[in-house]
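Work out the full structure, taking the sequences as your base and the hints as a guide.
So the sequences go chain by chain: A and B.
Per my numbering, residue 81 is the first one in the first sequence, and the count goes up by one each step.
Per my numbering, residue 81 is the first one in the second sequence, and the count goes up by one each step.
You may find that some hints are simply not true.
Because identical chains share one entry, a pair is satisfied inside a single copy or across any pair of copies.
Claimed, not checked - SDA-like cross-link-like pairs, simulated, lysine to any residue; straight-line CA separation at most 25 angstroms:
hint : residue 1 : residue 2
1    : 278       : 455
2    : 414       : 141
3    : 317       : 305
4    : 186       : 458
5    : 278       : 193
6    : 278       : 303
7    : 269       : 168
Bear in mind the hints are in silico, worked out from the structure with no lab data behind them.
If you're wondering where the values come from, they're calculated on a predicted model, not measured in any experiment.
There are 2 protein chains.
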Amino acid sequence: MTGAVVTVGDELVQGLILDTNSPYLEEKLLELGFQPRLSASVMDRVEEICQILGLATMKARVTLVSGGLGPTEDDVTREAISRFCHAPLELHEGAWQWIQERLAIKGLTPTPQHQRQAYFPQGATLFPNRMGSAWGFAVNHQERWILALPGVPRELRAMMEGEVIPFLRERFPGITPMTLRVLKSFGLKESQVNALLKDLLQEHPGMGLMVRDYGEVHLRLCGPPGEVEPLAGEVRKRLGHHFFGEREDSLEGLVGSLLKDRDLTLATAESCTGGMLAHTITNVPGSSDYFLGGFVTYTDQMKHRLLGVPMETLERHTAVSRETAQAMVEGLVKRTGAGVGISVTGIAGPTGGSPETPVGLVYLGYRFPWGTEVLEHRFQASRIGVKTLAVKTALDHVRRRLSRGE
Amino acid sequence: MTGAVVTVGDELVQGLILDTNSPYLEEKLLELGFQPRLSASVMDRVEEICQILGLATMKARVTLVSGGLGPTEDDVTREAISRFCHAPLELHEGAWQWIQERLAIKGLTPTPQHQRQAYFPQGATLFPNRMGSAWGFAVNHQERWILALPGVPRELRAMMEGEVIPFLRERFPGITPMTLRVLKSFGLKESQVNALLKDLLQEHPGMGLMVRDYGEVHLRLCGPPGEVEPLAGEVRKRLGHHFFGEREDSLEGLVGSLLKDRDLTLATAESCTGGMLAHTITNVPGSSDYFLGGFVTYTDQMKHRLLGVPMETLERHTAVSRETAQAMVEGLVKRTGAGVGISVTGIAGPTGGSPETPVGLVYLGYRFPWGTEVLEHRFQASRIGVKTLAVKTALDHVRRRLSRGE
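Here's what the structure looks like:
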């Protein structure tokens with residue numbers, strides 16, 4: 081069983097926006113048991129939409145079309161599907177009533193433009209929109225389903241979950257829904273994960289490496305539950321302590337849960353990451369339960385004045401040194417009383433490097449209730465890349481130390 | 081003149097990666113003077129590539145194909161274009177030589193697999209790859225150009241700039257290259273910018289709103305230089321002080337330049353933004369020239385201990401108040417000696433709000449050499465959204481105050 085995704089909008093073809101609807105819809109097709117074969121963006125023109133529908137329906141039993149359902153003259157997805165399926169547009173009284181009520185709440189008077197949104201191809205199944213005025217619909221044409229959905233991401237997602245997935249499950253009772261799992265790893269490069277799982281990747285076409293969060297390598301497993309569950313077990317085993325979580329998990333979220341479980345507080349002292357570590361930690365809702373605060377000490381004087389790093393240490397070993405990282409984390413814990421402290425000092429670049437302290441050299445200092453440690457890292461990346469890798473390495477280390485003392 | 085973009089790869093059709101090559105290539109086509117009409121992703125299969133090439137070449141004089149040029153059996157873009165254009169693949173000795181030299185440097189022995197990358201359709205113009213082994217090529221088929229380019233973004237971009245753009249300029253001497261400008265604004269919603277520029281947007285089809293950086297609204301103007309330059313002037317005038325810069329500009333970069341020009345230093349004291357303000361400031365290379373450091377004080381006690389906010393202020397007015405923001409910024413400047421100080425305190429949510437201090441309420445405190453001010457804001461957004469809007473609002477305010485005392 082195959083599927084296709086078509087997104088409609090001039091702005092998509094002209095590079096004005098990054099199309100995030102397509103990957104979302106492709107993943108949903110996979111979960112439903114349809115193999116996506118084509119993904120295309122076309123302009124808001126009836127002819128262009130009809131042409132791509134010709135190609136898509138040649139390949140796919142189910143084609144999801146997103147966008148072009150608004151009230152303006154530019155929104156022609158309804159007309160295009162009507163023409164493609166030879167199903168004339170008809171006014172749907174229920175939808176029109178609903179749109180008028182919606183406009184009344186906003187104090188607006190309905191116009192013929194608004195009424196455009198209440199016309200649907202003859203025989204279509206309608207999908208009400210709870211968040212906007214663009215209703216979706218499904219049409220069957222020569223054994224192929226074409227489904228039109230709104231382009232606004234949150235409306236699209238709500239309609240998929242609430243209407244479209246149950247609709248397709250019902251229409252295709254013979255298809256086994258697939259299990260989709262995402263296993264996340266940190267600390268290995270893409271090529272290393274590839275080498276580690278080479279045989280599994282070849283055997284299981286439903287398994288693939290996802291490139292999303294910089295520095296992390298995610299594996300997506302998609303297939304019948306009976307295949308995916310043992311495969312996930314094997315992947316986790318091979319990834320070892322590099323495996324850290326599944327779809328909704330993040331390093332910062334896991335660190336937060338571990339701290340809460342152990343009733344520990346956290347504080348940070350950052351130089352080259354410039355606040356990114358604290359920012360990442362505080363992206364977690366409820367992080368105020370364990371995060372006390374942090375310092376960003378971007379100069380020697382700030383390291384000395386705010387964290388009490390001795391000037392002698394800074395002069396003798398420089399700011400980017402094991403000794404400074406240690407003094408930073410010790411000063412941090414003394415000033416905040418935190419149970420766990422993390423310090424970062426290094427060279428994010430692109431300038432400021434030297435043969436002794438090259439760009440990418442970073443020292444991470446940790447203070448746990450059972451002691452202090454400082455680790456040296458050499459990251460090869462851009463400025464933002466070095467910051468990101470330093471932050472994730474620090475969080476991953478705390479995660480591992482707190483979870484099993486690995 | 082029209083163009084099309086085709087990206088090739090199973091991972092693109094299955095939602096495993098976000099396709100950033102397509103928007104890039106679409107923008108380059110526009111700059112070259114080709115109107116993009118179709119953008120599609122297909123699987124690594126000869127038949128699928130040929131089918132989409134059929135549709136693309138029907139519409140477009142120039143089709144850019146990215147991906148599928150690697151050495152493995154999965155990489156079939158060469159075969160597909162060869163079949164589509166009826167141009168048999170031939171070994172190119174120069175390319176093969178070059179690939180072997182590259183392998184020798186890495187200590188690898190050439191295999192027949194590697195040789196696949198030295199085969200090109202008969203009559204093709206080749207584009208050497210300076211960063212990898214996948215050379216690109218161009219084939220003319222029935223008055224249409226099909227260009228194959230690598231899928232690795234940095235290789236693709238280098239080849240576009242270095243080889244493809246000059247190649248197409250030479251082949252299409254009659255087309256006027258377009259001027260492409262991006263004007264960035266902050267402080268207005270998309271709908272407000274739309275209303276402000278409605279007539280211009282209707283008159284100029286080459287003008288569009290870009291949705292990229294959250295909270296900012298960018299306008300892209302594309303057209304002949306004689307049209308774009310006066311249009312850009314008019315857009316800037318209408319946007320007023322909400323206009324802040326062009327393509328390469330960022331709020332944090334502009335603030336950095338203004339500080340350097342005025343020989344001022346900067347420090348931050350953050351509560352609800354949790355380090356994001358310092359992180360954003362330190363994303364700018366060379367920010368250590370003016371950024372001293374900052375505090376992240378996530379608890380009342382930290383605000384008191386690290387910044388000297390009186391406990392009485394915190395108890396009487398709570399942490400999310402004008403008074404606390406002011407005490408934070410004053411304590412910050414006292415402790416760091418910075419010329420400019422920014423403080424942030426508010427409720428990022430999703431929990432922690434109350435009728436008096438709802439989620440999204442944020443106080444921003446500023447300390448300039450000429451005085452202190454505190455402003456109240458109410459942001460309606462997710463947790464990350466509130467953090468981002470607070471950070472950008474603070475940077476934009478400093479930018480405006482330092483630039484013209486607006």
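Q: Up to 25 angstroms between alpha-carbons, please classify residue 414 paired with residue 141: within, between, both or neither.
A: neither (65 angstroms within a copy, 68 angstroms between copies)
Q: Have a look at residue 186 and residue 458 and pick one of within, between, both or neither, based on CA distance no larger than 25 angstroms.
A: between (57 angstroms within a copy, 22 angstroms between copies)
Q) For residue 278 vs residue 455, is the C-alpha pair at or below 25 angstroms within one copy, between two copies, both, or neither? A) neither (31 angstroms within a copy, 56 angstroms between copies)
Q. Is the C-alpha distance from residue 317 to residue 305 at most 25 angstroms within one copy, between copies, in both cases, or in neither?
A. within (18 angstroms within a copy, 59 angstroms between copies)
(Q) At most 25 angstroms between alpha carbons: which applies to residue 278 and residue 303, within, between, both or neither? (A) within (18 angstroms within a copy, 48 angstroms between copies)
(Q) As a check of your reading, is residue 269 near residue 168 (CA-CA no more than 25 angstroms) within one copy, between copies, both or neither? (A) neither (54 angstroms within a copy, 38 angstroms between copies)
Q.
Checking an output row: residue 278 and residue 193, CA cutoff 25 angstroms. Within, between, both or neither?
A. between (55 angstroms within a copy, 18 angstroms between copies)
The structure is inconsistent with the numbered hints 1, 2, 7, although it conforms to all the rest.
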